[in-house]
Amino acid sequence: MSAELSNRAAEAVELARKAGADDVWATAVQQRSVQFEYRKGALEKVQDTTSRALAVQVYANGRYSSHQTTDLEPERMKGFLAEAVAITRALEPDPSRQITPPELFRDRPGQPLDLVDARVQQIDRDQRVAWCRAIDEVAAAHERVISATGAVEDGSSQSASASSNGFLGMQESTYCWYGASVTLKDRGDRRAEDGFYAGGTHLEALPQPGKVAQVALDRALARLDSEKGPTSRTAMVVDARAAASLVGRLLGPANAQSIQQGRSFWAGLTGQKAFSDKLTLIDDPLIPRGLGSRHYDSEGISAKVLPIIEAGVVRNLYVDTYYGRKAGLAPTTGSRSNLRVQTGRHSLEQLLAEVGNGIYVTSWLGGNTDGTTGDFSLGLRGHVIENGRIGRPVGEMNVTGNLRSLFSRLELVGNDPYPYSTTLAPSLVFSGVDFSGA
Amino acid sequence: MNRTRREFLGTMAAGSAALTMPAFLGACGVQRAVSVADKLPENPFMEWFGVDQATVARVMSEMTANGADAADLYFQHSRRNTLTLEDGIVSRAFSGIDQGVGLRVVIGEQTGYAFTEDLTLASMLSAARTAAAIAAGGRVAAPQAFAPRDLGGLYTVSVPWSEVGIDRKLPILKFVESKAKSFDPAVEKVSVYWTDVDERVMIATLDGSLVMDHRPMATMYTVVTARKGDEVQTGYSNIAARQEFDWYTEERLTAMAREAVDRTVVLFDAKRPPAGEMPVVLASGSSGILLHEAIGHGMEADFNRKGTSIYSDMIGKQVAEPFITIVDQATIPGERGALNYDDEGNPAGRTVLVENGILKSYLHDRISARQYGLKPTGSGRRESYKHAPMPRMSCTFMEAGPHTREEIIASVDRGILAETFTNGQVQIGAGDYTFYVKNGWMIEDGKLTAPIKDVNIIGNGPESLKRITMVANDARLDTGGWTCGKNGQGVPVSQGIPTVLVSRMTVGGENVG
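Sequences listed follow chains A and B, in order. Note that the first sequence ends on residue 438 in my numbering; no numbers are left out. Note that the second sequence ends on residue 1513 in my numbering; no numbers are left out.
Certain hints may be false.
Straight-line Cα separation of at most 30 Å, DSSO-like style, residue types lysine-lysine; simulated pairs [stated by the list, open to error]:
{"id": "1", "chain 1": "B", "residue 1": "Lys-1179", "chain 2": "A", "residue 2": "Lys-326"}
{"id": "2", "chain 1": "A", "residue 1": "Lys-273", "chain 2": "B", "residue 2": "Lys-1228"}
{"id": "3", "chain 1": "B", "residue 1": "Lys-1174", "chain 2": "A", "residue 2": "Lys-40"}
{"id": "4", "chain 1": "B", "residue 1": "Lys-1375", "chain 2": "A", "residue 2": "Lys-326"}
{"id": "5", "chain 1": "B", "residue 1": "Lys-1317", "chain 2": "A", "residue 2": "Lys-185"}
{"id": "6", "chain 1": "A", "residue 1": "Lys-45", "chain 2": "B", "residue 2": "Lys-1174"}
{"id": "7", "chain 1": "A", "residue 1": "Lys-228", "chain 2": "B", "residue 2": "Lys-1271"}
{"id": "8", "chain 1": "B", "residue 1": "Lys-1179", "chain 2": "A", "residue 2": "Lys-40"}
{"id": "9", "chain 1": "A", "residue 1": "Lys-228", "chain 2": "B", "residue 2": "Lys-1317"}
{"id": "10", "chain 1": "B", "residue 1": "Lys-1181", "chain 2": "A", "residue 2": "Lys-326"}
{"id": "11", "chain 1": "B", "residue 1": "Lys-1375", "chain 2": "A", "residue 2": "Lys-40"}
{"id": "12", "chain 1": "B", "residue 1": "Lys-1181", "chain 2": "A", "residue 2": "Lys-185"}
{"id": "13", "chain 1": "A", "residue 1": "Lys-273", "chain 2": "A", "residue 2": "Lys-304"}
{"id": "14", "chain 1": "B", "residue 1": "Lys-1228", "chain 2": "A", "residue 2": "Lys-185"}
{"id": "15", "chain 1": "B", "residue 1": "Lys-1386", "chain 2": "A", "residue 2": "Lys-45"}
{"id": "16", "chain 1": "A", "residue 1": "Lys-40", "chain 2": "B", "residue 2": "Lys-1317"}
{"id": "17", "chain 1": "A", "residue 1": "Lys-185", "chain 2": "B", "residue 2": "Lys-1466"}
{"id": "18", "chain 1": "A", "residue 1": "Lys-228", "chain 2": "B", "residue 2": "Lys-1466"}
{"id": "19", "chain 1": "A", "residue 1": "Lys-326", "chain 2": "B", "residue 2": "Lys-1174"}
{"id": "20", "chain 1": "A", "residue 1": "Lys-273", "chain 2": "B", "residue 2": "Lys-1271"}
{"id": "21", "chain 1": "A", "residue 1": "Lys-78", "chain 2": "B", "residue 2": "Lys-1386"}
{"id": "22", "chain 1": "A", "residue 1": "Lys-45", "chain 2": "B", "residue 2": "Lys-1179"}
Covered stretches of chain A, as calculated for chain B (at least 3 residues, CB under 8 Å) [stated by the list, open to error]:
{"id": "23", "region": "87-97"}
{"id": "24", "region": "130-140"}
{"id": "25", "region": "224-238"}
{"id": "26", "region": "369-380"}
{"id": "27", "region": "428-438"}
If you're looking for bench data, these hints aren't it; they were derived computationally from the structure. Ideal Cβ placement from N, Cα and C applies to all residues, glycine included.
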């Protein structure tokens, strides 16, 4: 398979060159995915698919465009690539757009990342059904359950890239996820609901399906009798799963494109102490078995560990070759891999005890961020923190503020990084946060 | 942002659904050639792949080998072109071809699904066997012939998007940029993002019908960055419709540019409102997001047949004031959410969700309609051949009411008017929903006083419906390019509403007392 993909990419480079491209970067991908959903003691959905596509980036006459197709029939592929070159020529020239220079991809790290698990590749129908049953037995085992859906998804993806200036690369990974979503009868017409899923590149690190289902049920049970909490300015404890998404919002505009386009509150912060000294974020593409691990990024740039924030000081940004050239910034990588958030010494229980009173956020609902100013406002679900412990569930509340100022008031960091994400974030504690509710 | 597997499953899990505007940051550019390659045939499946009736019948027969209540093949050829103008030049294009066939077998509430991008008989038969494995009964008879349904007329296209060259599109982006720059000296950068889609689908069903639909989509997005001293603000505007090239009139483009600039420069004076509960006036048009989140998703019948929606037991009940009627209608010519046929091959139609305050009907696909003993409402939609269909909205709106906008604003002592929105989300079971207000105004003593920005609003669906106490006579649909996300699938939708008053909602804010 890997040879087939590499050949497909190399052929596309050749064909586009023949059609008149000066430079070409081609990537061939293939993905296999199997999803099982199980409800009320029976399989509800089985989806089994293999997908493939070819993507090319074309450089011609100082111009640039990118293209993708799922139609790999050889004659039409030729026409598609010829058209790709013609499209490129119809655009305006852009001196900042150049193929990734070899010095950025030459010294690719060689250590094995261990992203393929042979056991995942061997998962069969019986195994998936057995997991579904084990999940259903636990997730549906409560008198309040209206509906519990167990799900298993596993698969693999492979990609091969080739370029006209000598890049050749191949990446492959497997994945397996399972868990449940649970809906419970609540007061009146209301339903309480939540879900939980665990997954990774390898089976070995996954908890038993029944344990994952128990977390899903427990999280839903914790939502029963939720009410609107009070409008107040108080401390906020964000659980590890919700923290990963909040950190993602912080990093959203931390890139050369946003800065060059004048749409980032990160402009001018490099080298500055911009956030709490409790905050250290490292982009680490080389974590063995990591969900976001890679040897090179989508431009072919060799992977390396990249500190983004160290003790509140901005060290690096995500810089691709194009916007880097426009903004006068040296390229790092244009996209996130794994993000390690430096952990602290406290467990979640200790964090709650330290805080005493406030709001404990377990998930977000909607909301948005203005990347230019850092202003944000998010809906939330969670609990009141009373006397250092988790109290009654609350919802239908917003938290509103500014990301830079919020992360300047990061007071404590937990020791419990959330493992089932590319962002390995622990529980976080912020002070002086504005909540709106009743 | 990385979309991890967990996030995908998480979306599926939480019983939540989201509505967003197109992501414009980090977009790859796009576009199609001046005069290259073949014309796309009207029916590429027959002409390009020799997928004739006998082949479809052969594959259908394989799909139904173990029994089926419903089965369909969804052929799709979608061609997408985008163009990006940044820093004064159109120097990035993207073109994408998505082609494949999705095969679905339904038995009771169970679905078997597979797809292939290789439209050979061997690949389709292999996918058919995968989909058929959901069932374990005896063979049912598959049709040997398929009767083509009439072509719909909601979005007839004289020149398909795949035949419109870059040379015609490029000046339009330049025009929008120059207009936007001319409107205010504070404007520093203008970016314009263009997308056109030429999509053709062919759906063959177990009951022997063959549906063909040729679906155009035009989308443009203008982003403005303005500077005053050290302060920088960004705003945007966009328009979208199932229309062809001529839809982009000078007037329409100028209005979009004007709106993007106005929404941006007002931010220099805008503040956060006080936090907490207050009356909220929702401006006509885009505030249809309220309907989408507060009731629309909860009325999708897949949630109701499973009992997971807060509306599961409310049909026939009074849920709103008698002057409130809420409709989901796909048959509005040219709208972004318009469809001649849904993605299960049923004629798309008009479903009254709430009539004079009474909850009337869910939105059904084949599975739920069968379970409820009803006709499908033509609401079965999917993102592409890679996905199984489920009940979805199309154009969701509220009909005009007895009040006026002026009366409504004058009735509010202290509250806000919400005008521009970026996204929303709902929890189906609890009924809690949110939407994010980008622009709006404070209302004090019945008058608009100061601009506000960047607050999330959160409410509970059934409670908010009861709290709609005034509805104006200015109903209109929004022309923005909304995309609705559910279980990892995005589909284009429209929405609209007259100016309404919701007597109490929770508004995000910073000025906690």
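*With a cut-off of 30 Å on the C-alpha distance, tell me whether A/Lys-45 and B/Lys-1179 pass.*
Status violated; Cα separation ~51 Å.
*Given the hint that A/Lys-40 pairs with B/Lys-1317, does the C-alpha gap stay at or below 30 Å?*
The given pair, whose Cα atoms are some 28 Å apart, holds under the 30 Å limit.
*asked:* A/Lys-228 and B/Lys-1317 were given as a pair; does the straight-line alpha-carbon distance stay at or below 30 Å?
replied: holds (25 Å)
*Would the pair B/Lys-1375 and A/Lys-326 pass a check requiring their Cα atoms to be no farther apart than 30 Å?*
Given that 30 Å is the threshold and the Cα spacing comes to 57 Å, the pair is violated.
*Regarding the pair A/Lys-273 and A/Lys-304, is the alpha-carbon distance no greater than 30 Å?*
holds (23 Å)
*Please count how many residues of the region 224-238 of chain A have a CB within 8 Å of a CB from chain B and say whether that reaches 3.*
n = 5 at 8 Å, threshold three: holds.
*Take a quick look at whether A/Lys-78 and B/Lys-1386 sit within 30 Å of each other, Cα to Cα.*
Holds - the C-alpha atoms of B/Lys-1386 and A/Lys-78 are around 25 Å apart, at most 30 Å.
_Between the alpha carbons of B/Lys-1179 and A/Lys-326, is the straight-line distance 30 Å or under?_
Holds: B/Lys-1179 and A/Lys-326 sit about 24 Å apart, inside 30 Å.
*Given the hinted pair B/Lys-1386 and A/Lys-45, is their alpha-carbon gap at most 30 Å?*
Satisfied, since the Cα-Cα distance of roughly 14 Å is no more than 30 Å.
*Mind checking the alpha carbons of B/Lys-1317 and A/Lys-185 for me, to see if they're no more than 30 Å apart?*
holds (20 Å)
*Are the Cα positions of B/Lys-1179 and A/Lys-40 separated by 30 Å at most?*
violated (58 Å)
_Satisfaction of hint between B/Lys-1271 and A/Lys-228, Cα-Cα up to 30 Å_ = holds (25 Å)
Checked against the numbered hints given earlier, this structure breaks hints 3, 4, 6, 8, 12, 14, 22, 24; the rest are met.
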